[in-house]
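**Q** For reference, the chains in residue letters:
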Amino acid sequence: EPEVTQTPSHQVTQMGQEVILRCVPISNHLYFYWYRQILGQKVEFLVSFYNNEISEKSEIFDDQFSVERPDGSNFTLKIRSTKLEDSAMYFCASSLTGANSPLHFGNGTRLTVT
Amino acid sequence: DQQVKQNSPSLSVQEGRISILNCDYTNSMFDYFLWYKKYPAEGPTFLISISSIKDKNEDGRFTVFLNKSAKHLSLHIVPSQPGDSAVYFCAASANQGAQKLVFGQGTRLTINP
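Protein chains in written order, with this note's numbering: chain L, 941 to 1054; chain B, 119 to 231.
If you are wondering where the hints come from, they were derived from the structure by calculation, not from laboratory data. Idealized CB from N, CA, C, for every residue including glycine. Do not take every clue at face value.
[Claimed, not checked] Per the computed footprint, the stretches of chain L lying under chain B, defined by three or more beta-carbons under 8 Å from a beta-carbon of chain B, are:
1. 960 to 971
2. 982 to 988
3. 1026 to 1038
Sequences are here, hints too, so could you generate the full structure?
**A** As structure tokens, then:
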């Protein structure tokens, strides 16, 4: 069964450094997403991406965050200058269409900011 | 943000019996609901979904029930198997274009042999 793949599985970075989290969504899916889960908290929406542009973003997704689909297969999340509170599990997801289309998640990247 | 709530942090069920997981929501704009299962060190795995035009959806051992007037949904697993032990999340969205899912906090289900 096709799946969403994320790399790396664990990323440790120093505060103030830039990180790029990578994802390969399911190949025929059209919508792409990033969610995150801070330890002990709920999974929360960051951003959705469709037709090469952001379709919606949450208040968390400020100017430090950006997303890109640099080619036909990869989808990336960049955090420009990491803060301690960015430490979390970051999940990429994709869906075939928008409405009534379940999201399929990757296994996540654990980001630790020291 | 308490728009989606799972009030039971944990549930223990005997193998072969029915597991019932519950979820409540407050936002009347939600019209698409999903259940995910999550094992440690893995991402959420999609189980089953239901649109607000239905009150029941079934897929094998999994059935989701939606009670719109009570803003309540439940997931029934029957018969429960040891491999069902995991954390279960309900999620909801106002179904407009891309899916901005709002998740509950999860219920840890343990199936006892």
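**Q** Each hint: holds or not?
**A** So, going through the hints one by one against the coordinates:
Check on the stretch 960 to 971 of chain L: 1 of its residues sit with their Cβ under 8 Å from a Cβ of chain B, so the three-residue criterion for coverage is violated. Check result for the stretch 982 to 988 of chain L against chain B: holds, 5 residues qualifying (beta carbon to beta carbon below 8 Å, three or more required). Requiring three or more residues with a Cβ within less than 8 Å of a Cβ of chain B, the coverage given for the stretch 1026 to 1038 of chain L holds, as 4 such residues are present.
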